[in-house]
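**Q** Based on these hints, arrange chain B on the given structure of chain A.
Sequence order for the protein chains is A and B. Number 292 marks the last residue of the first sequence (the working numbering); no jumps. Number 292 marks the last residue of the second sequence (the working numbering); no jumps.
Worth flagging that the hints you see were computed from the coordinates, not collected in a lab. Check the hints yourself; a few may be wrong.
As the list claims (entries may be wrong) - Derived pair list, reagent style BS3-like, types lysine-lysine, alpha-carbon separation capped at 27 Å:
id : chain 1 : residue 1 : chain 2 : residue 2
1  : B       : 28        : B       : 4
2  : B       : 140       : B       : 4
3  : B       : 140       : A       : 140
4  : A       : 140       : A       : 28
5  : A       : 4         : A       : 140
6  : A       : 163       : B       : 254
7  : A       : 28        : A       : 4
8  : A       : 254       : B       : 163
9  : B       : 254       : B       : 163
Unchecked claim - Chain A regions said to be covered by chain B (calculated; three or more residues, Cβ under 8 Å):
id : segment
10 : 61-70
11 : 162-174
What the hints assert, rightly or not - Have a look at the derived ranges for each label pair, beta carbon to beta carbon:
id : chain 1 : residue 1 : chain 2 : residue 2 : range
12 : B       : 159       : A       : 67        : 52 to 62 Å
13 : A       : 169       : B       : 271       : 20 to 30 Å
14 : B       : 52        : A       : 138       : 34 to 44 Å
15 : B       : 41        : A       : 23        : 51 to 61 Å
16 : A       : 67        : B       : 118       : 11 to 21 Å
Glycine included, every Cβ here is placed at the ideal spot set by N, Cα and C.
2 protein chains.
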Amino acid sequence: MGDKRYYGVDIGGTSVKIGLFEGAALQKSWSVPTDTSDGGRNILRDIAASLPGPADGAALAVPGAVLPDGTVNRCVNLGWGVCRPTDQFTALTGIPCRVLNDANAAALGEQRLGGGRGYQDVLFVALGTGVGSGVVLGGKVRSGARGTAGEIGHLCMDPDDTKAQCSCGLTGCLETYCSATGVVRLAALAGRPGLTCKQVFDAAAAGDETLGAVVDRSCGILGRGIAAACALIDPEAVVLGGGVALAGEFFRAKVQRAFERHCFHACQGTEISLATLGSDAGMYGTALYAME
Amino acid sequence: MGDKRYYGVDIGGTSVKIGLFEGAALQKSWSVPTDTSDGGRNILRDIAASLPGPADGAALAVPGAVLPDGTVNRCVNLGWGVCRPTDQFTALTGIPCRVLNDANAAALGEQRLGGGRGYQDVLFVALGTGVGSGVVLGGKVRSGARGTAGEIGHLCMDPDDTKAQCSCGLTGCLETYCSATGVVRLAALAGRPGLTCKQVFDAAAAGDETLGAVVDRSCGILGRGIAAACALIDPEAVVLGGGVALAGEFFRAKVQRAFERHCFHACQGTEISLATLGSDAGMYGTALYAME
Numbered sequence: 001m002g003d004k005r006y007y008g009v010d011i012g013g014t015s016v017k018i019g020l021f022e023g024a025a026l027q028k029s030w031s032v033p034t035d036t037s038d039g040g041r042n043i044l045r046d047i048a049a050s051l052p053g054p055a056d057g058a059a060l061a062v063p064g065a066v067l068p069d070g071t072v073n074r075c076v077n078l079g080w081g082v083c084r085p086t087d088q089f090t091a092l093t094g095i096p097c098r099v100l101n102d103a104n105a106a107a108l109g110e111q112r113l114g115g116g117r118g119y120q121d122v123l124f125v126a127l128g129t130g131v132g133s134g135v136v137l138g139g140k141v142r143s144g145a146r147g148t149a150g151e152i153g154h155l156c157m158d159p160d161d162t163k164a165q166c167s168c169g170l171t172g173c174l175e176t177y178c179s180a181t182g183v184v185r186l187a188a189l190a191g192r193p194g195l196t197c198k199q200v201f202d203a204a205a206a207g208d209e210t211l212g213a214v215v216d217r218s219c220g221i222l223g224r225g226i227a228a229a230c231a232l233i234d235p236e237a238v239v240l241g242g243g244v245a246l247a248g249e250f251f252r253a254k255v256q257r258a259f260e261r262h263c264f265h266a267c268q269g270t271e272i273s274l275a276t277l278g279s280d281a282g283m284y285g286t287a288l289y290a291m292e
Numbered sequence: 001m002g003d004k005r006y007y008g009v010d011i012g013g014t015s016v017k018i019g020l021f022e023g024a025a026l027q028k029s030w031s032v033p034t035d036t037s038d039g040g041r042n043i044l045r046d047i048a049a050s051l052p053g054p055a056d057g058a059a060l061a062v063p064g065a066v067l068p069d070g071t072v073n074r075c076v077n078l079g080w081g082v083c084r085p086t087d088q089f090t091a092l093t094g095i096p097c098r099v100l101n102d103a104n105a106a107a108l109g110e111q112r113l114g115g116g117r118g119y120q121d122v123l124f125v126a127l128g129t130g131v132g133s134g135v136v137l138g139g140k141v142r143s144g145a146r147g148t149a150g151e152i153g154h155l156c157m158d159p160d161d162t163k164a165q166c167s168c169g170l171t172g173c174l175e176t177y178c179s180a181t182g183v184v185r186l187a188a189l190a191g192r193p194g195l196t197c198k199q200v201f202d203a204a205a206a207g208d209e210t211l212g213a214v215v216d217r218s219c220g221i222l223g224r225g226i227a228a229a230c231a232l233i234d235p236e237a238v239v240l241g242g243g244v245a246l247a248g249e250f251f252r253a254k255v256q257r258a259f260e261r262h263c264f265h266a267c268q269g270t271e272i273s274l275a276t277l278g279s280d281a282g283m284y285g286t287a288l289y290a291m292e
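Next comes chain A alone, as it looks inside the complex (with noise of 0.2 Å):
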């Protein structure tokens, strides 16, 4: 008898990344393209003909609101409405099968094998193209009530600024200054419009007094956002991941110079660390997840 063997599922609007466990160990990983013609019909379809050979347990990250019950209410990205793809998983497959929100599947792997290393409460935030979160505590996932534990990217962090409109519908929402496109919303205000977020880091870093102002005001606000997560959820440790955390070293001790200057004084020393799984976070977690 071998160890049990897992899949893990991440599945994202572009493409799905799975990696087949044994124990806790990558064996292998591979993707397949995300087909989202047809509501997405196909997507469960494509990866199950690419696995190879039976499992134990399967978990499926998905990038949209997952309830208590295993009902995934609306991924847009992927073209699916109100389903249940755990069934469909399992009857297509014969692999018991959990679902989980993709933020919390990465914040799950975070917290066991990256940044989050070595503590059990860990608040996980990706800033990406949005601002993605997940919370862990005691070493579980913590969805909450109605799926939005540390929905950190809509705090209103300025009640007063009706320019940062969001998508949520909300204004001020800190996802309007804090992922990688408000960092191109607050250079084109200043007048520096057609950069990428990489660039007014990059430019920032290099000395650019303008680009530099962004970069401290994006960073300043979600130092803030921190400091308030942390009054509220308390996490032992807060991991900073997503494209804009690429900028490194540089953005994190931004980000927590910030969170010094507005967190209540109990929650000094909390740590915050950059992620280290880059995009692999999601298969990791949800692997994680299918073994629990």
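**A** What follows is chain B alone, placed relative to chain A:
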């Protein structure tokens, strides 16, 4: 063999509320004055002397930070420094004892028996001289890695309002607008000094426009803070207690409207209710904690 006996002991700066429970039923309750002389060294002795016999367990609620190992990290209002009151209580009485923060005790009481009844995940906010708070998740108190979980009082609600000086050292904290002290401060800023919080609410309810605007501002900021807390903690229900909440439905409805204006769409529908146990919440909560 009768039911097991427990003492719930809620230690406040002025008096100590004590309840004797058999099974889950309150048999009697009484209070003793809090003797803060001599660094509060007589408090536990006075409590012990008032107990009508042995018991199977007890819990103490204290107005200060409680570390995960039961060490109390200063209770300014009792005169206590860093100490282990459970050890001393057990030495005096022979009764096994636990300790928790007083707002957390009240949160547990309200979740199980009061305004949060029927929910497992509850955020409790006590709006008194300051703003206390506690989080119950899955029916258990969550103190957080540093004892601040749910600490809504020190969310920064306006980073530019340097006049809103908080006792914690920061400015713009929710407490400076939404505690009873904060309401009085806002009234004074609006040209109406010397009023109590109750007078401000009563006048607002009676149609005073200036004080109505003060109440709207305070409730608006509280609703926005609760929106932030719900995005991050995502409880099933929020329970409002403390002296400010005695303004009742007039207050609750304003907070709910502001919450709905600012909350992330998935959190719409989170119940916001009034506490029902009043100043007994902590006594009930400590007894429930002793029984766990």
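**Q** Honestly, which of those hints from before does the structure not fit?
**A** Of the numbered hints, 10, 12 do not hold.
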